[in-house]
Amino acid sequence: MDRTPKRKAIIGAGRAVIRLEPSYANDTDFAAMASFYATADGGRAGAMSAAQDDLDHRLGLIVRAHADCDIDGIILSARRIRHLALQLGFLELRRATDNAIACCRDGDATALAAVIGRIDRLGTMALAQVDLITRSVT
Numbered sequence: 010m011d012r013t014p015k016r017k018a019i020i021g022a023g024r025a026v027i028r029l030e031p032s033y034a035n036d037t038d039f040a041a042m043a044s045f046y047a048t049a050d051g052g053r054a055g056a057m058s059a060a061q062d063d064l065d066h067r068l069g070l071i072v073r074a075h076a077d078c079d080i081d082g083i084i085l086s087a088r089r090i091r092h093l094a095l096q097l098g099f100l101e102l103r104r105a106t107d108n109a110i111a112c113c114r115d116g117d118a119t120a121l122a123a124v125i126g127r128i129d130r131l132g133t134m135a136l137a138q139v140d141l142i143t144r145s146v147t
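If you use my numbering, the sequence shown corresponds to residues 10 to 147, in order.
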């Protein structure tokens with residue numbers, strides 16, 4: 010299965026492509042999300058909200074760690090985001106965090122910058138999805 014983001018062409022006047030926008034497939038493991046929701050302690054909506062807050066916090070930390078060139082901070086945040094992504098079923102986000110850790114270990118700063126941007130985008134989409142779920146159960 011091809012995991013690269015698809016590109017959607019935006020056509021302008023004269024049928025010329027004016028820009029390409031990445032289009033990510035919804036790669037969510039809803040069984041994992043349902044399992045997390047069903048086994049949550051302290052109230053299901055509360056657990057989803059806590060996971061959402063933690064993910065939001067960690068996304069901010071990984072972006073800040075990257076701006077500060079803090080490789081240990083990037084790895085630590087990536088591992089926590091990976092754990093949350095596994096719990097909540099966000100498979101593409103989990104893969105992106107694995108890529109970030111590999112870039113840190115390999116010392117590939119250019120690829121790391123691209124992956125951090127991808128984590129930020131995927132994390133934002135994940136936050137929106139969790140927010141929708143949290144609102145629907147409260």
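By construction, these hints were calculated from the structure, which means they are not laboratory data. Glycine included, every Cβ here is placed at the ideal spot set by N, Cα and C. Hints are supplied without guarantee of correctness; some may be wrong.
The calculated label-pair distances, taken between Cβ atoms and stated as ranges, are [as the list claims (entries may be wrong)]:
id : residue 1 : residue 2 : range
1  : 55        : 123       : 30 to 40 angstroms
2  : 137       : 107       : 27 to 37 angstroms
3  : 123       : 95        : 16 to 26 angstroms
4  : 118       : 55        : 31 to 41 angstroms
5  : 85        : 40        : 23 to 33 angstroms
6  : 141       : 114       : 15 to 25 angstroms
7  : 145       : 116       : 37 to 47 angstroms
8  : 41        : 130       : 14 to 24 angstroms
9  : 119       : 82        : 10 to 20 angstroms
Results of checking the hints against the structure:
no.	hint	in the structure
1	55 <-> 123: 30 to 40 angstroms	holds (35 angstroms)
2	137 <-> 107: 27 to 37 angstroms	violated (22 angstroms)
3	123 <-> 95: 16 to 26 angstroms	holds (22 angstroms)
4	118 <-> 55: 31 to 41 angstroms	holds (39 angstroms)
5	85 <-> 40: 23 to 33 angstroms	holds (28 angstroms)
6	141 <-> 114: 15 to 25 angstroms	violated (35 angstroms)
7	145 <-> 116: 37 to 47 angstroms	holds (44 angstroms)
8	41 <-> 130: 14 to 24 angstroms	holds (21 angstroms)
9	119 <-> 82: 10 to 20 angstroms	holds (19 angstroms)
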